[in-house]
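For the sequence shown, position 447 (counting from the first letter as 1) is numbered 447 according to the working numbering, and the numbering increases by one without interruption.
Calculated from the structure, these hints are not laboratory results.
We put the beta carbon where it would ideally sit given N, CA and C, even for glycine.
Treat the hints with care, since some could be wrong.
To be verified - No more than 30 Å apart at the CA atoms, straight line, and that leaves these computed lysine-lysine pairs for DSSO-like:
#	residue 1	residue 2
1	LYS163	LYS125
2	LYS78	LYS163
3	LYS347	LYS246
4	LYS125	LYS78
What the hints assert, rightly or not - Label pairs and their calculated CB-CB ranges:
#	residue 1	residue 2	range
5	SER204	ASP154	43 to 53 Å
6	SER148	GLU342	38 to 48 Å
7	ASN514	VAL214	50 to 60 Å
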Amino acid sequence: MRALISVSDRSGAVELARRLVALGWEVISSGGTAAVLREGGVAVTEVAELTGAPEMLDGRVKTLHPVVHGGILADRSKSEHLADLAAAGGAPIDLVVCNLYPFGSAPSVEMIDIGGPAMVRAAAKNHAHVGVVVDPVDYGAVVDELESAGALGDALRLRLARKAFAHCSAYDSAVVAWLDAGAPETGEEDAPAGRSDSAGLPESLSLRLRRAEVLRYGENPGQLGARYHTMDAASWWDSAAQLGGKEMSYLNVFDADAAWRLVHALGPDPAAVVVKHANPCGAAAHDDIAEAYRRAHACDSVSAFGGVVALNRPLTDDVAAALTEVFTEVVVAPGYEPRALERLQAKANLRILQASAPESPELHLRSLGDSFLVQTTAAPAPGGPPLSGDTPGGPPRSADDPGGWNVVTERAPTDDEWRDLVFAWRVVAAVSSNAIVVARDRCAVGIGAGQQNRRDAGRIAAAKAGDRGRVGAYASDAFLPFADGLDGALEAGCTAVVQPGGSRRDAEVIEAANRHGLAMVFTGRRTFRH
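Please build the complete structure, drawing on both the sequences and the hints.
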């Protein structure tokens, strides 16, 4: 029995080869892999010894030879195949262990593997007779089965073949994505033909997904659910640790992601967010994280029941004591005080996640059955300075910073109003459209989400705010098309308004704001969310 080992990821390769040799196998290899195996005390037959042809073109051609591929592809049930192979001076190869050049970590022309995929595909095609291993995690299972049964069973060979084809597919997709992005080593001034310069989006996209987690159920019981991750990028979900509670469901993941992204969009101050059905029903920043949580929950304590809580600071025992008084589905934080974790883990149904900051993907995709909508990810709501009470929004600077906003009314916002305008704008960017947020003292006190008209969203936000919105800020995710768009702000007692502007009736809205003594700023950027 013969095994050909040629790997870029050499972890576990020496131990694998040693166990194969102990079973009486011949190990074939070349180049760097052969050197590593020899250093590990493994007797190796060089590929060049089989083929009679040395490596050429700086190693670009090593295993691309009929003796190698004939040994892999020969159908053992056909005597003519074996005769042809013998006539060429070859013999069957029974196991191919090969993973490809690490293109994803260092994309370049030289990292585009040729011989590796050819061997892997050949072995996977002939999986009825040949085992193929592309992942070191499978080494143990392969040798264990060889040791116990003397050969690889049909089920294992089929599973390994499927994994091999997926490995090659993902690899090719990574190369295509690199070329679509305008591979720098092409030396061309213009982007490759695959890129759509007019749209700023690639002409083709390859989704390389791997199931990362089986969920308790889908959006509703009766639906299957799972979380998949892209194979060429890291997600905060992949490093998150669940420290307690039941299995995550589809909606748990969906809402936890929304909460985690929003709490990190609120700026560097300690902050807490409560999310229900993908929309925030509470958000607050405060110098004390426990107070931030209490204020976030108080925004809409009815809707917070059964919600998801996220904090951007380690969760303290004070927070845990308050949080366990309310039915909560999921809590996400960067860390937990020991006593706080004990308190939370006493709630058997509370899912406890510890996570790192979320990444910002370049593209946002949405499934339309067999089609996808693709757009660039929206720029974050302004980060700007901390929102602590002694720090104003500052003078104009840029479009995505509160300083870049345009004051359009006779009265400019005060420092406190600037602070609340920035906070309200950050929150409204995470609310389903049409969206209105009323905020005061770095705390959302009224949120109107997902309404078909802006006036209703404003009325809902004002009603939820009650007296808490007095002298607060009023944020709209899109322009106020009519002067009556200010009715919600006036009803809530707000004194400052932030909106994108851009309506044909902006002048009427500005005139109404001046008439009521409001300060109003235009951001120049809409934040629709659907």
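Right, here's what the structure says about each hint:
1. For the hint linking LYS163 to LYS125, the alpha-carbon distance of about 12 Å falls within 30 Å, and the restraint holds.
2. A hinted pair counts as satisfied when its Cα atoms are at most 30 Å apart, and LYS78 with LYS163 qualifies at roughly 26 Å.
3. At most 30 Å may separate the alpha-carbon atoms for a hinted pair to count; LYS347 and LYS246 meet this at roughly 10 Å.
4. A hinted pair counts as satisfied when its Cα atoms are at most 30 Å apart, and LYS125 with LYS78 qualifies at roughly 16 Å.
5. At about 36 Å, the CB distance of SER204 to ASP154 disagrees with the hint of 43 to 53 Å.
6. For SER148 and GLU342, the Cβ-Cβ distance of about 44 Å falls inside the hinted range of 38 to 48 Å, so the restraint holds.
7. With their beta carbons about 58 Å apart, ASN514 and VAL214 fall inside the hinted range of 50 to 60 Å.
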